[in-house]
Amino acid sequence: MGESPANLPPANHAPANHAPYRLIDDVSFGQGVVVHAFANLYGCRIGDGTRIGAFVEIQRGAEVGARCKISSHSFVCDGVTIEDEVFIGHGVIFVNDKLPRATTETGALQSEQDWALLRTVVERRASIGSGVVVLGEVRIGAGALVGAGAVVTRDVGPGEIVVGNPARVLARR
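Position 45 (the sequence shown) corresponds to 45 in the numbering used here; numbering is contiguous.
In short, the hints are calculated from the structure, not lab data. Nothing here was measured: the structure is a model prediction, and the numbers come from that model. Even glycine gets a Cβ: it sits at the ideal position worked out from N, Cα and C. Possibly wrong hints are sitting among the right ones.
What the hints assert, rightly or not - Using C-beta positions, here's what the derived DEER-type ranges look like:
{"#": "1", "residue 1": "23", "residue 2": "116", "range": "23 to 31 Å"}
{"#": "2", "residue 1": "166", "residue 2": "110", "range": "25 to 33 Å"}
{"#": "3", "residue 1": "99", "residue 2": "26", "range": "27 to 35 Å"}
Whole structure, please, built from the sequences with the hints as guidance.
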């Protein structure tokens, strides 16, 4: 079986392919990772054989397992753990803050101390369709399928198929 993201080895420090216009800083890459042009990756971990599409951003503190596919225009923020063999469709957005604000009550710009990071886990072999928004502090179970355009506001059980806004169970596999 694959390795959990927390145990990913820092196998090498560069993607397996060359592409122009990428921002890659302080990233732990597994072997054979492909990162396409215009991707921003910083302070994250990417497992063996994962493919990262164009215009993807993966932030500091995020972890992506082995043999995943992160499609173009997706945003994976701090606090998100994506386990092995997960599919992330085009334009998927993860959110890690339930009360987003630019400033504090006094009008000063917020800092990291002014908000609580909400962690999200996408378990092994789950699939998330294009245009999905995943709110913070949820778990998407192993083998689950989130239909395109859904808004995930609460946990999705293993093998469940969810659709809609908010996402509701359509079927179980």
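Where does the structure disagree with the numbered hints, that is, which hint numbers, in rising order? none
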